[in-house]
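Model the full assembly from the supplied sequences, consistent with the hints where possible.
Listed in order, the protein sequences are those of chains A and B. Going by my numbering, 101 is the number at position 101 of the first sequence; the sequence numbering is gapless. Basically my numbering = 1-based index in the second sequence + 114.
Be aware that a few hints might be false.
Unchecked claim - Listed next, the in silico EDC-like pairs over lysine to aspartate or glutamate satisfying Cα-Cα at most 16 Å (straight line):
| hint | chain 1 | residue 1 | chain 2 | residue 2 |
| --- | --- | --- | --- | --- |
| 1 | B | 215 | A | 59 |
| 2 | B | 215 | A | 30 |
| 3 | B | 191 | B | 122 |
| 4 | B | 183 | B | 123 |
| 5 | B | 136 | B | 209 |
| 6 | B | 163 | B | 129 |
Claimed, not checked - Here chain B is said to cover these stretches of chain A; the calculated rule only asks that three of the stretch's residues, wherever they fall, bring their Cβ under 8 Å from a Cβ of chain B:
| hint | region |
| --- | --- |
| 7 | 41-48 |
| 8 | 100-114 |
To be verified - Just a sample of chain B residues kept apart from chain A, beta carbon distances all over 10 Å, derived:
| hint | residue |
| --- | --- |
| 9 | 126 |
| 10 | 134 |
| 11 | 140 |
| 12 | 157 |
| 13 | 158 |
| 14 | 170 |
| 15 | 172 |
| 16 | 184 |
| 17 | 185 |
| 18 | 186 |
| 19 | 189 |
| 20 | 191 |
| 21 | 200 |
| 22 | 220 |
These are calculated hints, taken from the structure and not from any lab test. Backbone N, C-alpha and C define an ideal beta-carbon position, used for all residues, glycine too.
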Amino acid sequence: DGGITQSPKYLFRKEGQNVTLSCEQNLNHDAMYWYRQDPGQGLRLIYYSQIVNDFQKGDIAEGYSVSREKKESFPLTVTSAQKNPTAFYLCASSAATGSGYGYTFGSGTRLTVV
Amino acid sequence: AQSVAQPEDQVNVAEGNPLTVKCTYSVSGNPYLFWYVQYPNRGLQFLLKYITGDNLVKGSYGFEAEFNKSQTSFHLKKPSALVSDSALYFCAVSDNTGGFKTIFGAGTRLFVKA
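See below:
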């Protein structure tokens, strides 16, 4: 089945540690996105990528980094500079960044600082 | 600038009764409108979208939404609610002015009581 796989489902980070969240899609979608979800705040865009080897900052990119070396993969690193990283992280993809395309979402990674 | 509002944090309805989840939007050009549903600790699932054409759009699981240009609204409806419809619902909007961005509302939690 085609879809998006996020791993791990749960992740615990110690203070000062960098962690990487995985996102893989087999939908042959060009565009991929990372969102952060906090209770009552909806989804906020962290980074997006329209094509391999290119990505752009979203609304809350500080403390995060990404790479897009392959079309299928768009990993997100939460760095120690992100002071409040506890949240639910969602990866999504779409056929293109044209406005009429809906998104396919992964099942999410819940990150907790310990 | 694009924006989307979901005026109700929570909607309560009895099983078998009709349900409505409200959404209003603001865009520069013609709107592209989406509804997604999220179950606990899961990613968002696409329900339906409006791009052009008939103002009443039918989607998954018996849901439909009505596009009203004069009121800039895109309310989600279902004639007869099920307990299993209980979830978090997100409205999203983008436009046809060439930008890529899809903006998500803050979400409305739907409780269907047996």
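Practice task
Could you check the structure against the hints above and give me the numbers of any it violates, in ascending order?
Solution key: 4, 5, 6, 12, 13 and 22
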